[in-house]
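A.B. asks: Produce the entire structure from the sequences given, and follow the hints as far as they go.
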Amino acid sequence: MQSIRVAPDNSYFRPQESKGEITLSLRAHASTIQAIILWLLSFTNNAEAPQELRTLLLSAARTSTRFVVATDVADATIVMSGSYDTSPSRINFDQSVQYHDVSKAIFTTINMPRIPAILNLLSNADIMTLELPENPANPGVLRDFLHLLKIYGLR
Amino acid sequence: MKRFTVLVLLICISLASAMAQPASYPLANSKVLKITNLLQARFHPMFNNEVLANQLSQISERFDLDTNFELALNPSNT
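Here the protein sequences come in this chain order: A and B.
Each residue of the first sequence is one higher than the last, beginning at 1 in this note's numbering.
Each residue of the second sequence is one higher than the last, beginning at 1001 in this note's numbering.
The set of hints was computed from the structure by calculation and includes no laboratory data.
From the three backbone atoms N, C-alpha and C, an ideal C-beta is built for every residue, glycine too.
Hints should not be assumed to be uniformly reliable.
A partial selection of chain B residues facing chain A, derived with a Cβ cut-off under 8 Å [unchecked claim]:
#1 Leu1027
#2 Val1051
#3 Leu1052
#4 Leu1056
#5 Leu1071
Stretches of chain B that chain A covers, calculated by requiring three or more beta carbons in the stretch to come under 8 Å of a beta carbon on chain A [said to hold, decoys possible]:
#6 1033-1047
#7 1057-1065
C.D. replies: Here is the structure:
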């Protein structure tokens, strides 16, 4: 799979290719997420849709600013999380990254102090999940999930 | 436990996505948008997939992208 790197916003908009890697701007990612949110709103604004589903998706689209990105590297799965701001369009990454290697029974959390290292982890990501905040009454257990699988198709 | 739950959920999403048949929509740059909607089929027409395809066509033109897009939706309660 051809990998994708994320460039700092306001650097350039066009994807750049170097050494087999495609670099996309954060603004491209943010615009894609906004398009998906508009798609969800097309359902929640549809009066024919069931009220329960409309409420679930509407809540997710309007309140979900947290996301989880998972990427497979050899036998390992790296899971990173962050938040997304709609105004201005910005993606913030948490400093800790989860590292799972089922073949070696490794489940650990790695602190990533360097932002560029975190951005590189997103480069191979093909799964993006928007999640609602944790339920304050039951911390540690995520309340409702809205899963968005996003693959750019660079293969 | 939370990490294990996330891992299990991601595996379930991947398996469910692999089993579902995506709907394809052409983009302006001759690439395609594939949407795998895991809601019941009767809900699928209630999404405006054409608007999403148009938006992604504009994004592809603006950012000079030459890629396919695949999107899967699986809302669930945990």
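A.B. asks: State for each hint whether it applies.
C.D. replies: Structure-based check of each hint:
no., hint, result
1, Leu1027, "11 Å, violated"
2, Val1051, "6 Å, holds"
3, Leu1052, "4 Å, holds"
4, Leu1056, "6 Å, holds"
5, Leu1071, "6 Å, holds"
6, 1033-1047, "holds (count 5)"
7, 1057-1065, "holds (count 5)"
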